[in-house]
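Undergrad: Could you use the hints to bring the two separately framed chains together as a complex?
Going down the list, the protein sequences come from chains A and B.
No gaps in the numbering here: position 118 of the first sequence is 118 in the working numbering, and each next residue is one more.
No gaps in the numbering here: position 150 of the second sequence is 150 in the working numbering, and each next residue is one more.
If you are wondering where the hints come from, they were derived from the structure by calculation, not from laboratory data.
Note that the structure is a prediction, hence the values are computed from the model and not measured.
We put the beta carbon where it would ideally sit given N, CA and C, even for glycine.
Among these hints, one or two may not hold up.
What the hints assert, rightly or not - One side of the interface only, derived from the structure: several residues of chain B facing chain A at Cβ under 7 Å: (1) GLY62; (2) ASN65; (3) PHE67; (4) PRO70; (5) ALA71; (6) GLU73; (7) GLY136; (8) HIS139; (9) PRO142; (10) LYS158; (11) GLN292; (12) LEU295; (13) LEU298; (14) LEU300; (15) PRO303; (16) ALA307.
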Amino acid sequence: MTHVERHPLVVRMSHWLIALSGMLLLFSGFGQMPMYKRYNIVKIPGLAWSDNYEITLWLHYAGAAVFTAAIVFHLMFHFRKKEFGIMPRKGDIGESIQGILAMFGLGDEPRHEKFQAKQRVIYAIFGSTALILVVTGMIKSYKNLGDIVLNPMFLQWVAFIHTLAGMFFMLLFVAHVAALMLYRPLIPSMFTGKIDRQYAKEHHPEWHVD
Amino acid sequence: MNISRRTFIAGSAAAGALSILPRGAAQAAIKGDSYATLIDLHKCDGCVGKSEPLCVASCRQGRKNDFPKPAKEQLKDYWPQKKHEDWSGKKHLTSRLTPYNWIFLQQVKVGEQTISIPRRCMHCDNPPCAKLCPFGVKHKTPEGPVYIDHSLCFGGAKCRTVCPWSVPQRQAGVGIYTLWQKYLPVGGGVMYKCDLCRDRLSQGMSPHCIESCPQKAMLIGQRDAIVAKAKELRQLYNGDIYGMGENGGTSTVYVSPVPFAEIDKALEAQAQRRNTKNTMHLHHADNMLEKQNTLAALSLFSPAIGAVAAIALTSKDSAKGGKE
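Okay, chain B solo, but in the shape it has when bound (with noise of 0.2 Å):
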């Protein structure tokens, strides 16, 4: 579903229920009125007592017609690699995000303090997931959140290579390349991740995750508004923000009590205890297209050097060789 302008204006005004609601039509850059989210992880306390955290369960329950749906005989190996990513069988899963689950709780001891972290896609401002997908078919858009088309996605699972988070996961069996996988071995499924509830947003409606919250530990308001409240719990907690600077910027801000890197290496003592090696981390991640800014201008600046070239060799009429 796609959130066009007149929608988002219309699921806007029509928000009410929303502590911050964004006013205006978004533009087509990250402005100032484009959704964001905060994760406020000293009110977050993981839903103690509860047999799953809400955010979680509330997500599984209201996308669960979007999770992939694998035929049997489409789980074929992605030849010639003797492997396939298949979590069809593995949908309780939801210690870690995966196809089935797109948002998931980390909870780490930090001294004596338990923090519990809701942990999902962070909607990069800039995000090379997207914007490297070599069909196109993972979207930035200009109100904030970022989505998979799931419709035209052939699952490379580049995506999840350049992501500092590796958030988006890999279902086999499903989505176009199936069309032709007994053909021609190209593609290896569709890749799944939170969608910050686009549908529900152009409704007017928040994300499940943030509707089901007990402890309104998350909001979603206008970008503005978010980071002016992340700033000033900041100052209350006398704690650490996280999101704002990473990877070029996100859509989604923490904030907590306790330094990020105290949190990230706690993180990191845990991940070795339990032998697990794909812990998502709360680390400093550079954006791996702005490194390159440098030479992504020279390349849009080179049409200038090959007419200056062009120019200097015609006018002083130098160039060797004879007429055609």
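Bound conformation, chain A alone (with noise of 0.2 Å):
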């Protein structure tokens, strides 16, 4: 066996589920704050219905429904399998600057598990972020359901950190993409869930394959 198996299906899904309905809900958020007719991108061939606040509504809570519930099932389904390499333990922060630096040369790369340190941490400031957004997101749903009027400084705190954690998500993705111009091998597995079997014992040789 040349490739060793890195990411399940049901990991693939649910990332692609979360990974998707993230793209349309950055896309239709920012479409919920009033830029798209200001900065010209409704003249984009195919966009000129961007600036509409009802279609951009709709595909945002679209958009939450399956965010939140694969975020909900990614959640529950790692806790019931007890899988926690993901998850960030004491020393990652130091891990991941002696793995960022020896991206430069200065000093050895530590030697990863399955998810380096610097994965770990990432995943942690991903996932909170996303959290904050489902959580505020689901406030903000539900105010909108009829005439139930909560505390107006409480929402306008809610919409507040909705809007900012929404932009540092953005910016938390387009890393994220980038991010992937370094780790090239690993790129297929998330199609095929599969990666080199020799690739993971050089570059991951605490994450037992054999």
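TA: Here you go:
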């Protein structure tokens, strides 16, 4: 066997559901800010509808339903299977710094398990931001259901946090896609689930693939 | 200024001059004891013989300190657009809503009858303007009024787009965006509209427009009492009601001896004759939020879908893949 399975089907499916719905949420969420008309996005062929708040709200709700369900599924699925390899551990920050320095030829690369310390830290940041978006988004959805009047200052903070977390999520998403360039051999595994066994042995020596 | 529960109650207790008074503490929902207003088009004569309607004049006089004061150097185009919204040179305009005019009077002939209609924010029960503000700086209060925090509003004008009557109006060159507009082209000013004189309500006084009306064509009071009064007048006039069902319900109820559909048709015909684009209508408006309630509810229910799927897959132990 020249390849080793890195991501089973259920993991790939939940990843892509979160990724695709996340992209839809980013597009429709930014569309909920009054910017697509001002910055001429509406003039891009095929996007004349993008400044219609009813359409972007519909897309945002649809994206939120998939995103939220997939995140809860992800958390519950791995919790029940007791798979915690991606959860950050003590010492991950230091090891992440060591790994970043090694990328520039400063020192040795730490011996990685299935996931690098950097990946575990990024997962925690990405995941926390997503959870903040889910919780604040659900409050925002709830108050839209009818003549529900919550404390205005509470709603102001919820809206503010949701919007800022959305912007941060956008930055994380861009960083995530950019980082793929550093780990090109891992990209096929997000589609096929498999990576080269030799690559795994060299770069993840503590991930016992044999 | 906030209408805290305490000041609201105190205000209500002190409001001896009002005909119908809110009596209790408003709760975190639209309750029967929240504020509502009634506008009786049978009584309103448009202040015939006066230089301008007193509701408009008193609002402009009483709220002048709340109107925008843009600095000239801050009046810049909304890059990359080559325009900005500046009403500071048109402060005198009283024929429409502007940042300097929060109530105006429409007059239209329906048959032989001239109908005068004071227009301002309807203070909706489920206001898309407030609920969809990206930074949450537009507030729906349990007491009824919908207001904008002018110190935090960027002036994106989304609230105007989602309002069925396009009530909020934007003034460039003022507000928090002036701190960064030189470096970052984000924001367009501040949105302005009627806030039902929240500061006066909190002191037990009624809004300027209502207090000044010589015909007593406008009333403010407890929602339940206002609705009852409106229904009574509708029966008396054999007329029509507007505002209770529009946009999911509002805190402003119009009563007229003439059906509102006819008035709206006359307004449209008048707009075409005058070749004006921005006539404020009296149409039946659906609430854009409530049209999407099913999908909103699905997004709230979605955690359960994810949880059930995870339990189902792990219970059967049918998930493929190795241990980490």
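Undergrad: Now look at each hint and say whether the structure bears it out.
TA: Each hint, compared with the structure:
1. GLY62: violated (23 Å)
2. ASN65: For ASN65(B), the interface hint is violated, since the closest Cβ of chain A sits about 23 Å away, which is over 7 Å.
3. PHE67: Violated, because the Cβ-Cβ distance from PHE67(B) to chain A comes to roughly 23 Å (cut-off 7 Å).
4. PRO70: Interface hint status for PRO70(B): violated (19 Å vs cutoff 7 Å).
5. ALA71: violated (22 Å)
6. GLU73: violated (21 Å)
7. GLY136: Since the shortest Cβ distance to chain A is 3 Å, the answer is holds.
8. HIS139: With a minimum Cβ separation of about 4 Å from chain A (threshold 7 Å), the hint on HIS139(B) holds.
9. PRO142: Since the shortest Cβ distance to chain A is 5 Å, the answer is holds.
10. LYS158: holds (4 Å)
11. GLN292: Result: holds, 6 Å to nearest chain A Cβ.
12. LEU295: holds (4 Å)
13. LEU298: holds (5 Å)
14. LEU300: holds (6 Å)
15. PRO303: holds (4 Å)
16. ALA307: Holds, because the Cβ-Cβ distance from ALA307(B) to chain A comes to roughly 5 Å (cut-off 7 Å).
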